[in-house]
Amino acid sequence: MSLVERHEQVSTRERFSRWANRHRKWVLAGPSMIFVGLLLVIPLAWTLFLSFTDARRSVRRPFDFNGVDNYTEILTDTERFWPAVGRTISFTGGALFFQLIFGMIIALLLWKPFRGQGVVRTIVLLPLVATPVAVGMMWRLLFEPNIGFVNEFIGWFGVPPQPWLTDPSTSLATLTFVDVWQWTPMVALILLAGLTSLPEEPLEAARVDGANAWQRFWLIIVPLMRPVILAAVLLRGIDALKTFDILYATKGKGGGSFNDVETLNIYAYGLSFDYNEYGVASAVLILFFLIILGIIWVLQMQRKAK
Amino acid sequence: MTSSAVKSDQTPLRSKPKFKWSNVGRASAITVIILLFIGPIAWMVSASLKFNVQIYDSSQSFIFTPTLANYETVFDPRRGNYLMFIRNSFIVAFVATLLSLVFAVPAAYAMSRFVMRKSATTVLLARIIPGVSLLVPWYFIFSQLQITGGFLPLILSHMFVSMPLILYIMMSFFEQLPEELEESAQVDGLTAIAAFLKISLPLSVPGIATATILSFIFSWNNFMFALVLSGPTTKTLPVAVFDFIGYASIDWGALMAASVVVTTPIMLIALFTQRYIVSGLTAGATKG
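Protein chains in written order, with numbering that gives the first Met the number 0: chain F, 0 to 305; chain P, 0 to 287.
If you are wondering where the hints come from, they were derived from the structure by calculation, not from laboratory data.
All of these numbers come straight from a predicted model, not from anything done at the bench.
Please note that the accuracy of each hint is not assured.
[Stated by the list, open to error] Simulated pairs of lysine-lysine, DSS-like, Cα-Cα distance not exceeding 27 Å:
| no. | chain 1 | residue 1 | chain 2 | residue 2 |
| --- | --- | --- | --- | --- |
| 1 | F | K24 | P | K19 |
| 2 | P | K19 | F | K111 |
| 3 | F | K24 | P | K197 |
| 4 | F | K303 | P | K117 |
[Stated by the list, open to error] Heads up, incomplete: computed chain P residues facing chain F, CB under 8 Å, no partners named:
| no. | residue |
| --- | --- |
| 5 | A28 |
| 6 | V240 |
| 7 | V261 |
| 8 | L270 |
[Claimed, not checked] What the simulated footprint calls covered on chain P by chain F, stretch by stretch (three residues with Cβ under 8 Å from a Cβ of chain F suffice, anywhere in the stretch; the number is not a length):
| no. | stretch |
| --- | --- |
| 9 | 35-49 |
| 10 | 114-121 |
| 11 | 125-131 |
| 12 | 184-198 |
| 13 | 273-279 |
Even for Gly, the Cβ is constructed at its ideal location relative to N, Cα and C.
Working from the sequences, and respecting the hints, build out all of it.
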């Protein structure tokens, strides 16, 4: 009897094990897929659904469909929406542009080994791991017009004090600088990893043929690094479009009293949680998401086209 | 004969360290970069050790008598329980990272071994999507379930950042891991899943370490999710720092002290695990 029982027990376990192994692809990946499905696909569908309704004020208040009203309202809104699109693009574009230039300079400087390279690499890493909210507060003090060190510093060279974050005309550029300060290290580290994995031969051959450093950089290094540069642009670009922490921490609700740093992300956040306009906010988010997808699609095309 | 002899004589001469203007230029450029990155952080730390009077006085920019008064303000129980915020940040980052590892490591393995492109893209969509667009529906759903303010919504939302990150890092790690070891283990009688658990998993410890460190850092630093989803007893450090400016005039010394408190643990981790962080951040980017 017991022998038969044990045999049956083993066979159940065996059967489960066989089943799990045969379907191991889904046994291993399934839980993650379900988690992401529940927390991503359903909320995204919900956002899409809300964007066609007049949901507002309280989450428990009943709401109705209002067709594409939210979308027409947003797309004709030249006061908040379109300026926010412009700010998002100039913030992201400016940040990416300087991060690529400075990132490349730093990567080239750290490329060839030297004494203390490890220490320098660790220092370069610090801005990138620092908590963005704290970084925002730190620069808020440094850029403070009356007591900040930045005005004291430029004063040494005879430059008059600037309003920085407090003036609508300079605040977005100042925050672009903060983003460049924090994220140039990331671009530099990615480019450095790319540089160290470059093949030796083409560079050596160019040197033998008499190409100078400038020519070697533009004709050999940049073309070979193209995929790495595009990967860095993609990674950083997506994060820069969605920047929230330093903007909200330094300028607060609505991107400051003149909405001077209100990007799409800040605008959508404000609509959702400061004004509780869930319907309109959802429509902004859907449009924002489409813009991001469009940019990624263009970059991916660039990556594939060689 | 003679020319080659001359050449071989010259080579050791050339490899000797020689004074070059380009080296001086490079060294000074590196010094400027170090100052640019370290300077602001040093300023934040020094301001956290000053009374506000000293912060306002430019003659005490560099030379001043340090004080710990600001840290006393930060940890003053009447101001809010800062120790509890530290604990909250730690609980959320730790649990979210742990759960994400349990979910994402096997998934990364399956996705790299079976080339599940569509599934991988779906999960990586989570890296692309703006967090706000998930917060609205989450806030709706969590309010309906009446669990807002607790740890569960916070941890779930942080897992949403951690899981795609871990998946991304581990996929590029497993792709570099040779399949032969698993195959020979299977020949020796192990099932495929057992081969993964007993052979590949122990070999991927460096990759898991990288993923764990980065996931912890990003979760610790996360601000937006906690800003919406945390309650008074589950508030995390970045939100607590933000709350310091909710008053009429800013207490700069205390604000800097609070900022130092939130960044110090992360910077310490970064100092000791630099190598892992770099390999994690550059994972996948250099393959083209």
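Do the hints match the structure? See the list:
no.: 1; hint: F:K24 <-> P:K19; in the structure: violated (58 Å)
no.: 2; hint: P:K19 <-> F:K111; in the structure: holds (15 Å)
no.: 3; hint: F:K24 <-> P:K197; in the structure: holds (17 Å)
no.: 4; hint: F:K303 <-> P:K117; in the structure: holds (18 Å)
no.: 5; hint: A28; in the structure: holds (6 Å)
no.: 6; hint: V240; in the structure: holds (5 Å)
no.: 7; hint: V261; in the structure: holds (5 Å)
no.: 8; hint: L270; in the structure: holds (6 Å)
no.: 9; hint: 35-49; in the structure: holds (count 8)
no.: 10; hint: 114-121; in the structure: holds (count 3)
no.: 11; hint: 125-131; in the structure: holds (count 7)
no.: 12; hint: 184-198; in the structure: holds (count 4)
no.: 13; hint: 273-279; in the structure: holds (count 3)
The earlier numbered hint that this structure contradicts is number 1, and it is the only one.
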